[in-house]
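Listed here are the chains, written in short residue letters.
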Amino acid sequence: MSDAHAEHLESSTGLDNRKMAIWTFIGSECLFFASLISTYLVYKGKSKIGPLPHETSQCMLHGQMQQCDHIFEIPLVTAGTAVLLFSSFFVVLALYGAQRGNRRMLIGWLSATVLCGLFFVGMQAYEFTHFVHKGLGFTTNLFGSTFFTLTGFHGGHVTMGVIWLSTVLVLAIRGKLPPEKALNLELAALYWHFVDVVWIVIFPVVYLMK
Amino acid sequence: MTAHAATAHEHPTPALYFRIAITLFVLTALEVSGYEVARRGAPALLAQVVAPIITEILVVLSAAKFALVAMFYMHLKQDSKVFSTLFVFPIIIATVIIIALMTLFSYLHYLHPLGK
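Protein chains in written order, with our numbering: chain Z, 1 to 210; chain R, 211 to 326.
Be a bit skeptical, because a hint or two may be false.
[As the list claims (entries may be wrong)] Simulated crosslink set (BS3-like; lysine-lysine; CA at most 25 angstroms straight-line):
| hint | chain 1 | residue 1 | chain 2 | residue 2 |
| --- | --- | --- | --- | --- |
| 1 | Z | Lys-210 | Z | Lys-48 |
| 2 | Z | Lys-181 | R | Lys-287 |
| 3 | Z | Lys-181 | R | Lys-291 |
[To be verified] Which chain R residues stay away from chain Z? Per the calculated CB distances, all over 10 angstroms, these:
| hint | residue |
| --- | --- |
| 4 | Pro-224 |
| 5 | Pro-262 |
| 6 | Lys-287 |
Quick caveat, the hints were computed from the structure, so don't treat them as lab data. The C-beta atom is built at its ideal place from N, Cα and C for all residues, glycine as well.
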């Protein structure tokens, strides 16, 4: 059996079984994130104590009740959103290069994708730290619990995506990702796009809808 | 039909990918602009139109972005319909779950408000 044949593992549907597996996994992840988004929406606006996302409120800070400003930094998160959206563009260009044996295009755009992912994770780490300093912890109020759970799980998925894409990047740099093995990148790219579409939903639901 | 033949398809060109990226960027800018107009109440005339329907605007823009990424970047437009089914069916269930839970908890909150 040739390498090219070995790369395309047929299932009873005539489709590649790894691609079937990643789409099935993505489908199950949709339900996972639906439950987290539902929980966030169900408890939205039901916190009895601040800090709150869009309004000034009374909150416990440094051991005493204080007036707290709204907590979201929309410009920062918008920048993170734009970077994540562009990373999806970069990874399809990397895949385009991989499928045509254009090593320079593959490595360049894949590196850009990984950097965008790292920027997003860094943005989220900064945001979480900033919130903690402003008095919003995981158990502070309903908003804190649901917000950190939803965006934290998404951040975890982004981190997994960065690790996955980085391993593919190492393979590409070592010259172990010829066009007939481009599916290895396509699977990672599908997961990355899924992480992106989840954020497309989370961004307006959490940050822009009052 | 071999697996290779089944999954082989003509992918969009980098030029189309670029147009999609710009469209996604513009839609995101519209989302944030709509939010800012509704929040600040300025310009007043625009805010009067946007503020009451900002949630609906955000849902439509978000759905458009979601569809663009799924169809073109995830290649569902070109790939086998089996993959589309594996993705769309759970999304329909997910949407129903979100709507059902929000309706249920709104009703429960109406009956038993928190803290009372």
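field: List of violated hint numbers, smallest to largest
entry: 4
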